[in-house]
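A.B. asks: Residue-level listing of the chains:
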Amino acid sequence: NAGVMQNPRHLVRRRGQEARLRCSPMKGHSHVYWYRQLPEEGLKFMVYLQKENIIDESGMPKERFSAEFPKEGPSILRIQQVVRGDSAAYFCASSLVRQETQYFGPGTRLLVL
Amino acid sequence: AQSVTQLDSQVPVFEEAPVELRCNYSSSVSVYLFWYVQYPNQGLQLLLKYLSGSTLVKGINGFEAEFNKSQTSFHLRKPSVHISDTAEYFCAVSNYNNNDMRFGAGTRLTVKP
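If you read the sequences in order, they're chains D and P. In short: position in the first sequence from 1, add 243, done, that's our numbering. In short: position in the second sequence from 1, add 70, done, that's our numbering.
Bound-form chain P, shown alone (with noise of 0.2 Å):
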């Protein structure tokens, strides 16, 4: 079965300075990848996904994602975060053999003035 690692719990930056999440995966098929954002309180929102194609994934809020096939990774990233940006981080991981999601414990990513 596939298993996520995210290397951080939680992640402290400023406002407009650069970010990653790190997101590490193990499978032994081909896999789904997905990044969620949980804002206190509220259910999980898909931030961007990476099926097949591009390495290089886009998302909402000026969010992306590279999918790295030979270190099996799948980073999150945003060139300049804002205070709105301030949430916990899943990644997830499936594949097409399983019926469940895996998710990551999940980064807390705090952003300060």
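Bound-form chain D, shown alone (with noise of 0.2 Å):
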């Protein structure tokens, strides 16, 4: 019963070039979020989405991201143009039901140079 899997679990960039995140969430669930964890801080939302649908993008910056999550597939979180300050840990969560227990995946740690 494999539970949330991230890749890659780290990935370096340079300023410019782009980032894809990808979330498989656990068997049978269709909710899936995505948060950002900066160092030294909590966590903080982005981004709700069932299969191919976003509901909640309040947390995602307005420029440069973007979220999906097909009807086959992983959910991927792809950042254009990457930027120093995006270096942060990426964490997936996926649950069964709405607002239902958030089971997390082991996080991508982007690296920006």
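For the record, the hints were derived by calculation from the structure and aren't laboratory data. Do not rely on the hints blindly, as some may be mistaken.
Pair ranges (Cβ atoms, derived) [to be verified]:
| id | chain 1 | residue 1 | chain 2 | residue 2 | range |
| --- | --- | --- | --- | --- | --- |
| 1 | P | N138 | D | R352 | 32 to 40 Å |
| 2 | D | S330 | P | Q80 | 21 to 29 Å |
| 3 | D | E311 | P | I153 | 39 to 47 Å |
Backbone N, C-alpha and C fix where the C-beta goes; we use that ideal spot for every residue, glycine too.
Using the hints, put the two standalone chains together into the complex.
C.D. replies: Encoded structure:
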């Protein structure tokens, strides 16, 4: 019974490049959430998706960030033209039911040089 | 929207001592409350949750928490800590009206021999 999977675990990008972070929810879960954790800070909500739909993206920066959760395949968090301030750990969580218990993946640690 | 305050950023204790990690929340509606633990370079693991019912909630690893509605608190306790409990602990709150879970800034528990 695999948990939430994220890859890559570590990602290094130079300024201006694109970063793609992938998240496979737990089996049977159709609700996916993305969070960002800056050093020495708690998690900040970014976006909530269900299959093929963005339900709430109120925590997403207005530019350069996008997310999708296609009918087939993992959820993708995409950051275009990365800047140093994007360096953080990005966590994905999934739940069976909206606002029920969220199960977290191990995170992707993005470092922008 | 709901919010969470973790009153202590760091809590050092000696092994086998009791510990309490404090969490206060604010919300205008009924809430769900969670405690997660994060070990170094890992994702978040659910310790325990309060959805409804008994206000005393028991979780994994010997932790428990008590929901106090009048004081809007959800403090985490363990009667006797181990070295292996050294980690970052996050309190989180959500409610059925919102899509996002709000996290506290975290409390770093350090257990010393």
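A.B. asks: Just pull the numbers of the violated hints for me, sorted ascending.
C.D. replies: none
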